[in-house]
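Protein chains: 2
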Amino acid sequence: MSSKKISIKDLSNALGVSVSTVSKALNGYPDVNPSTRKKVMKLAKELQYLPNQQAVNFRKKSSQIIGLVLPQINHFYFSKIVESIVELASEDNISVIVRPTFENLEKEKMALLELVKLNVDGILISLSDETRFPDHLIEISNLGIPIVEFDKISKLSPLDKVVTSDRDAAKKAVEHLISRGKKTIAHLRGSLLSQNSIDRFLGFKSAITDSGLTFEEELVIQVLPNNINESQRSFARLYKKRNDIDAVFAITDIAAIAAIRELKSQSIDVPSQVSVVGFSNWQISSLTTPRLTTIDQNAFEMARASYQKLSDNIKTKNNYTSREKETIFIKTDLIIRESS
Amino acid sequence: MSSKKISIKDLSNALGVSVSTVSKALNGYPDVNPSTRKKVMKLAKELQYLPNQQAVNFRKKSSQIIGLVLPQINHFYFSKIVESIVELASEDNISVIVRPTFENLEKEKMALLELVKLNVDGILISLSDETRFPDHLIEISNLGIPIVEFDKISKLSPLDKVVTSDRDAAKKAVEHLISRGKKTIAHLRGSLLSQNSIDRFLGFKSAITDSGLTFEEELVIQVLPNNINESQRSFARLYKKRNDIDAVFAITDIAAIAAIRELKSQSIDVPSQVSVVGFSNWQISSLTTPRLTTIDQNAFEMARASYQKLSDNIKTKNNYTSREKETIFIKTDLIIRESS
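From first to last, the protein sequence lines are chains A and B.
Residue numbers are given in the working numbering: position 238 of the first sequence equals residue 238, and the series is strictly consecutive.
Residue numbers are given in the working numbering: position 247 of the second sequence equals residue 247, and the series is strictly consecutive.
With the rest of the complex left out, here is chain A:
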């Protein structure tokens, strides 16, 4: 029993705002002036107010609801994750409120606030492309609400995370091409800022250099990973310059199909002249001609590990904020089909 515990009342007195405003600010309610919220959070931190424990006390008992925030639902990988998490949660009599952000940071913040308002027991989140800083996640965590990031995460946040081992997966895909005797391998990469894109590029690069091949900057081009026409045009430009390319590793199945389409239009045989490997194992990859070699991201395993981690955090909530955070890696599978 060292010093006296700081109370909501102390914060209220110190700041000259009502107890209910302080409580609302700490609990993340949206109807609090943002600058007031900031002042409350700052002072709470300075005075070492224990927001988590207090917040836990404020919050009603378990709602048996968790929140799931992610970029999209109408997407092969994410819809599988939503379906799996909902199913796993229902076995525990937990309901799931799903909120897509459409890659928009403001929508992501609003979704989190609304979930807090609904008194959810915990939150699973995959970040929008626009999200650079994890402040809004940390705020949730400071309220004592367990939160786990999955798939699209921020390297800057001190939270539990579940991620695909993108780098290993990409390396495995490119090593497969090298084992088929391919030597001039192009890489269609995504955004320079997206962590998935960075990691897949690094995996590509290390497979090339580790095997003694020369890494050529020119063979790496940026595409819009989910836009088949743009990806095809970009690949066409590259292939015009470098028709010695004998293999392509693409960041997504769509980009891979774009490359195949361009090669076919030039009567280049896939895989004998140019092999192509994609990434994601979407349903389409088994329906194309030739069927696509790709990386399966194990959506179910991603869902299972993320839900399990959140579930554990909810059960051990009292020491949730003080605990060491963990990053779990989900293994991928190389699915070898006809395109390589």
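Be aware that a few hints might be false.
It does not matter which identical chain is used: a pair holds within one copy or between any two.
[Unchecked claim] Listed next, the in silico DSS-like pairs over lysine-lysine satisfying Cα-Cα at most 25 Å (straight line):
1. Lys161 <-> Lys240
2. Lys24 <-> Lys61
3. Lys240 <-> Lys117
4. Lys315 <-> Lys117
5. Lys109 <-> Lys45
6. Lys241 <-> Lys45
7. Lys117 <-> Lys61
8. Lys117 <-> Lys45
9. Lys264 <-> Lys39
10. Lys9 <-> Lys155
11. Lys161 <-> Lys172
12. Lys240 <-> Lys39
13. Lys155 <-> Lys331
14. Lys9 <-> Lys315
15. Lys241 <-> Lys325
16. Lys42 <-> Lys264
17. Lys317 <-> Lys155
18. Lys109 <-> Lys241
No lab work stands behind these hints: they were computed from the structure.
Let chain A serve as the given structure and place chain B on it in line with the hints.
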């Protein structure tokens, strides 16, 4: 003021079970013995107890949550519907709890009970393949909980419904083939019990007979609409018998792609020798070679109309059960690409 209103207490006395059991049974709580529930519901009906109005009074004020029950989430059409409904609801500050049934009737019933327990304001439901009778939906409706069926509906239920005009859509697709000069048109249909499959078949048949062509039973075969390999084998058997077929109308894009794959493997040109039209406009349909002509089902419009109908029902809840029910038809678009 005619006869005395029947109360929960009357039901409780008549059946010799506690008031809380009667109330729980009427409110669909799962912790009531099923045979007790049946007895309560039966007597309530016989005595013309007004379950809806009473149930409305029992239930707490608006939870700002609606339930969405549907066969799958990891599915191009349904994931678009989930995403659209969640987005539309969030504009009204309504959260959505999604429950997939995986085409299983028991899961569908459990999902409904759990949603009742969560005190949802209303429910949107697309039925499982196993669901033949709508009793469990009527029970929900009798509790005064607004419920709207969409896409996969029961013709037997007296509820509001939003459906694709499958019959018109199929007719439009087949008329398009006829306008291209096709005369021997095969139809790959789905289950004999599924309403979608029945309606698409009827649309096919009426396009054939209305245009003066002869309807040949032999040209209609049943396939597993989402299984590409089985669909390809079934179509191969048909085409072996009837290689005078000059067009195919398939119940899904997958079945259409299966037919194209088989035709390509026999070096039959699509569309000049055999034209192929699918149904659904999944993402894959624009990625195949040749790109697929198909029917776009307007998932967003289905979501919008369903959500709007439910929202209206929630607002006018007091006269919800006594109101005439309505069926809304969602128009489809024929997307003409390279396969026809």
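Here's how the hints hold up against the structure:
In this homomeric assembly, Lys161 and Lys240 never come within 25 Å of each other (Cα to Cα): the closest approach is 42 Å inside a single copy and 54 Å across copies. Proximity of Lys24 to Lys61 under the C-alpha cut-off of 25 Å is found in both arrangements, the shortest distances being 17 Å within a copy and 22 Å between copies. In the homo-oligomer, the alpha carbons of Lys240 and Lys117 never lie at most 25 Å apart, since the shortest distance is 55 Å inside one protomer and 62 Å across protomers. Taking the shortest Cα distances, Lys315 and Lys117 sit within 25 Å of each other both inside one copy (20 Å) and across copies (23 Å).
Taking the shortest Cα distances, Lys109 and Lys45 sit within 25 Å of each other inside one copy (21 Å), while across copies they are farther apart (48 Å). In this assembly of identical chains, Lys241 and Lys45 lie within 25 Å of each other by CA distance neither inside one copy nor across copies; the values are 57 Å within and 78 Å between. Taking identical chains as interchangeable, the C-alpha atoms of Lys117 and Lys61 lie at most 25 Å apart whether they share a chain (14 Å) or sit on different chains (16 Å). Taking the shortest alpha-carbon separations for Lys117 and Lys45, only the intra-copy value of 22 Å comes in at or below 25 Å, while the best inter-copy value is 39 Å.
Taking identical chains as interchangeable, the C-alpha atoms of Lys264 and Lys39 are never at most 25 Å apart, the minima being 61 Å within one chain and 68 Å between chains. For a Cα distance limit of 25 Å, the shortest separation of Lys9 from Lys155 qualifies neither inside one copy, at 36 Å, nor across copies, at 60 Å. Taking the closest pair of Cα atoms, Lys161 and Lys172 come within 25 Å of each other only inside a single copy of the chain (23 Å); across copies the shortest separation is 50 Å, beyond that limit. Proximity of Lys240 to Lys39 under the C-alpha cut-off of 25 Å is found in neither arrangement, the shortest distances being 58 Å within a copy and 77 Å between copies.
In this homomeric assembly, Lys155 and Lys331 come within 25 Å of each other (Cα to Cα) only inside a single copy, at 19 Å, whereas the closest approach across copies is 46 Å. Proximity of Lys9 and Lys315 under a CA criterion of 25 Å is satisfied in neither setting, with 29 Å inside one chain copy and 41 Å between copies. Within a single copy, Lys241 and Lys325 get their C-alpha atoms no closer than 47 Å, and across copies no closer than 64 Å, so neither meets the 25 Å cut-off. In this assembly of identical chains, Lys42 and Lys264 lie within 25 Å of each other by CA distance neither inside one copy nor across copies; the values are 60 Å within and 67 Å between.
For the identical chains of this complex, Lys317 and Lys155 are intra-copy neighbours only, at 23 Å inside a copy versus 48 Å across copies, given an alpha-carbon limit of 25 Å. In this assembly of identical chains, the alpha carbons of Lys109 and Lys241 never lie at most 25 Å apart, being 44 Å within a copy and 60 Å across copies at closest.
Against the hints set out earlier in the document, violations occur for numbers 1, 3, 6, 9, 10, 12, 14, 15, 16 and 18.
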